[in-house]
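From first to last, the protein sequence lines are chains A and C.
When we follow the numbering used here, the leftmost residue of the first sequence carries the number 1, and every step to the right adds one.
When we follow the numbering used here, the leftmost residue of the second sequence carries the number 1, and every step to the right adds one.
No lab work stands behind these hints: they were computed from the structure.
Only true hints are included.
If the Cβ cut is set under 10 Å, some of the chain C residues that face chain A in the computed set are:
no., residue
1, P188
2, T190
3, G195
4, R196
5, N197
6, Y198
7, G199
8, A213
9, V292
10, V297
20 Å max Cα-Cα, derived DMTMM-like pairs, lysine to aspartate or glutamate:
no., chain 1, residue 1, chain 2, residue 2
11, C, K52, C, E280
12, C, K201, A, D104
13, C, K201, A, E85
14, A, K119, A, E142
All C-beta atoms, glycine included, are put in the ideal place defined by N, C-alpha and C.
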Amino acid sequence: MHECTAMAANPTVLYPPPGSSDSPATSAKLLTVDNVSLEYRTRERIVRATHEVSFDVYGGDRFVLLGPSGCGKSTLLKAVAGFIEPTAGSIRIDDKPVRGPGTDRIVVFQEFDQLPPWKTVLQNVAFPLRVGKKLSRAEARERALHFLDKVGLTAFADAYPHTLSGGMKQRVAIARALAMQPRVLLMDEPFAALDALTRRKMQEELLRLWDDASFTLLFVTHSIEEALIVGNRILLLTPHPGRVRAELNSHQFTKDSAGRTDFQQSVARIHRLLFEDTEAVQ
Amino acid sequence: MSTPTIPSFEPVALVPPVREEYERSPEPLQDVAVEAPLPFGKRLSNQTWLRKALIALVLIGIWEAAARAVGNDLLLPTFTDTLTAFVQGIWSGELIAKTAISLSVLLRGYLLGVVLAFVLTSLAVSTRFGRDLLSMLTAMFNPLPSIALLPLALLWFGLGTGSLLFVLVHSVLWPLALNTYSGFQSVPETLRMTGRNYGLKGLRHVLLILVPAALPSILAGLRVGWAFAWRTLIAAELVFGASSGNGGLGWYIFQNRNELYTDRVFAGLAAVIVIGLVVEHLVFDTFERLTVRRWGVQR
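Work out the full structure: start from the sequences and follow the hints.
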């Protein structure tokens, strides 16, 4: 089929598990999604959102779920987060099945109302540390300030969310998620509600944070360019219901490669995979 | 035959000229004020209390004029008469004592109603059965005027505070529960998921996520409940006082009406109004300013 299966091994080298010095250090499998089918219910019918989707996320991956609207990528992310139970298949993290939401998988949503408006920026970041990780007040505050510094919002620590711009709100949400140090950071189109300039800046910042704090990321988007820039590996899904179309590598691209010919070729290839071929099949 | 004249453009070339590019680096503003205070009159008219005081003065003026026109202080005493009766009532301590009795019953009934409403709505958001229970109960009892339950309450709890508390709870519980529940319903799904993501469940989820997020609705419910409670209490006291022989404000109004002290009746009513205004503006408004307005969830 595609040559990309030959390069399937995770190219990113991060955090070799201690004691495994036999092979050149690559990270281990962290999240396994195995033949997962998801359904959601409306009043009249049961709608299948995804059908037998499988993929693996390795430690340190920036794994992107990409597809047209209606391919169930957000539903898939919510299933990984534990908000939705799969009708078939299994989701395993560190080889333990996912049962319900948990603090090892923190979600950054697209909507700005994910920040409780009754808490200041600092309290917003410290809140999950207090209730989810049971840190003491001082520890939570210290860690929250550290991660607010990472996203450049120290000056706004005492501001309420309604006084912030959209990009700043998303930064708070990212800082809050990073402060929890989850096994996987789940992002559900986090920049989709931002204007184009802010969105670009946020993509750069996310990559900088990843360089700096090195976390594992599962990222949902409907923008091909965003997928290529943010991700190192991309899962393409078909619409209605979502099925796996391809799994591609994009670790060779950075924020500066948008003008390169191979980047443009990749965009064209993904576009063809997503739209033209499926139309021909249908 | 004349051809219709079609307005047409002169055939001009639609190619804009190529203009010079330029770059600038703006110099720091020197003598342009970026911010300036509003003029004094504007600032004055922006004071809510000032505007409201003006309204109150106009109303009092109308009252005074109407009372002088009627000229019968048994029917409509003037504002000055009422004020005198009010001051005398406070001076003699009678009005204060009656108010204290009413307020203590009122607060007990109100708090009991609030607690019950919280329990009911918490049940309603966490279980389907609770939701059905709440919607059934509110549909059944909300339309019933509390005072209509008073005869029944007297039968069950006797002539005293028990009956008053019963009707008070009834008057507070349903509107507050309805408001709180609709507030809980309108909490954004994202916020709920955020809470669950941090492992919040059950009562902790309700207390840490739903209650603050629904606070505007809850506050509206608390205001409505407070007004309903006052009404019910005064009406119930008009019937039999607060506890045997020791009446509250309603009793004060009723007694003075029997003895034709119409100015004292008005003073009693004024006391109800003043307490209502004070609670509305000092308690509820302050709470609102410190919470929902500060958080930007309500203007």
